[in-house]
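Peer 1: Chain by chain, the residues run as shown.
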Amino acid sequence: MGDLPFAIELAGQGVANGLMYSLVALGFVLIYKATDAINFAQGEFVMIAGIVIAALASDAYGFPLWLALFAGLVFMILFNIGLERVVLRPLIGRPIVSIIMATIGLAAILRGFGPMVFGSAPRGLALPIPDAPVIFGPFFFSPIQLVGAGVSILFLLGFGWFFLKTRKGVAMRAVADSHQVSSAMGINVEKYFALAWVMAGVVAMLGGVLWGSMSGVDTQLALVGLKVFPVVILGGLDSIIGVIVGGIIIGLVEALASGFIDPYVGGGTKDFAPYVLMIVMLMIRPYGLFGRKLIERI
Amino acid sequence: MFYRESGEYKTDYKRDMTVYALPISRFAVGLMVLLFFVAAPLLMSEYQLTLLSLVAIAVVGALGLNILVGYAGQLSIGHAAFMSVGAYTAANLVTKLDLPFLMTLPAGGIMAAAIGLIVGIPSLRIKGIYLAIATLAAQFIIEWIINHSPSISGGVQASIEIDRPTILGWKLDQAVELYLFLVTIAAIAIVCTQNLIRSRIGRAFIAIRDQDIAAEIIGISVFKYKLYAFGISSFYAGVTGVLYTYYLGIASYEQFTLVVSIDYLAMIIIGGLGSILGSILGAFFITLLPIGIRLFMENIGSLFLEPEALASIISQMRLIVFGSLIIIFLIMEPEGLNRLWINIRNYFRVWPFSY
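Quick note, the sequences are listed as chains A and B, same order. Heads up: the first sequence begins at 1387 in my numbering, then just goes up one per residue. Heads up: the second sequence begins at 6 in my numbering, then just goes up one per residue.
Errors might be hidden in some of the hints.
[Claimed, not checked] Here's a subset of chain B near chain A, in silico, CB distances under 7 angstroms, partners left out:
| id | residue |
| --- | --- |
| 1 | I138 |
| 2 | A139 |
| 3 | I146 |
| 4 | I325 |
| 5 | F327 |
| 6 | I331 |
| 7 | I336 |
Hints are computed from structural coordinates only; laboratory data are not their basis. Ideal Cβ placement from N, Cα and C applies to all residues, glycine included.
All chains, please: the whole structure from these sequences, using the hints.
Peer 2: Encoded structure:
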């Protein structure tokens, strides 16, 4: 075909985008790892963080950018602590459909609440990052992609280190393993639940800023949450390294599929290809590339 | 006070097997038939009848989803995709082969059931969250395939227009006729579901939901019955899709997006998982909720809001109320409206005494 340079360029874009998907998926994995809850509202978390920050930084409120970012961070932390208390804690031990439906309900609330309070018109979110593309050999990226990929790697490595090496991280893994046993060993389970949701909130806030400054902020931003599922299934629901690898693979597949298949079928492959890959993965290795294998035979 | 169940003896097997064993339940069923088949068409306006028609369609879909999620315990987030399969099957059969309604209705259901069986195959290996995500993927993949195959979706707009249904030469073009017809289908669906749940298959579903390993050990083929659940549930969904298509006069994939799947899940959660009455109540509740909110906001909200702002506020209010109701029901009353009704009934059963 002679399209190799095109493929390489697409691959570069795909990896950069994929790492930013990893950042969003990380929030999902953190919550699942620590509390066993499945969060279908991760995309809406990203959206609400983006909306709050963009609205505060806009002329209507006139906050300087650093203050808006800080306010967004505080908002997400408080919001997620409240959420864990009010909604998720009463549902501990309920069937999985309850928890999924509760987070779906939450997603609906956020999609209504954000535009109602801050207005539904799309906003830009300008970060002090230059626009001129950066060129590395055959690849070229916009600087925001590089910043996004950099932040993602930093946070993924940071959380990886946190879970493996720190006392709190080990305690959190223990909580994920068994609530009862860790409680008996003197771990304050409720505190770690709250901590997991706070960390997910922080990650969502970063995702909201990065995705928001790339594609503008409105309710459409929540759609990034739909990419979370292919990423986490591919990598494994409870694995941090899986999130990185899964994100990169999904980003690559998405970019290559939309570059090479779209011209033949008339668009939309970008949203379709990751799910096909995910179905294949579910058939072969439901627990993902790096997930913990739960053996249960019937 | 109103009625005591004592003195009702089941003296032969026939009595024991009847669906409505108690005189009061026969009376209630008769009352409902009178209400929906006689009183409603006579007394209600055309607009109210169209709303009730939508509820009747939703009842069929909610019953189907409740068989899968509430009785068999298999979560599906892609139910609207099965509806779209039924809808497009019927629309294509009508426009290309000119088949009558009485053939397209089961054809749509059977096609949806076939697709549902394929989607159900992974349920052998995966469950819980994994199955939920697999059905979510099915939703996207089916939507994409329909949208990107002109031979199915009928060209650029991905929508096919069809005529109002004709049954044995009788064209249903009045709102009343369509309503009576849809209520009849809903009634058939309710009776079928009641009998399905009483049967061997229904009891196998419940056993699998409660403990799949134990069910396998007492000799229920878990895989077979999981596939049955997917097939039957998708058949209901396909029929729902066909009914929507005839009702709206158009088959369009936009009526069957993920949001619709979530609406149906909300119906059975708010109505009550694993309950037929719950499916019906939930279908009423979720279908009429946006209309209730709009009426409320137009009457109360217009006092202190600009008319232009009102339209967007209504759609946002709908999302917020919808989400809040799901969460409130999940936390406060996980068994839904059905449980509320049972509580009320049990209270009056011994009234005025406390037990």
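Peer 1: I'd like to know which numbered hints this structure contradicts. Please list them from smallest to largest.
Peer 2: As far as the earlier hints go, not one is violated by this structure.
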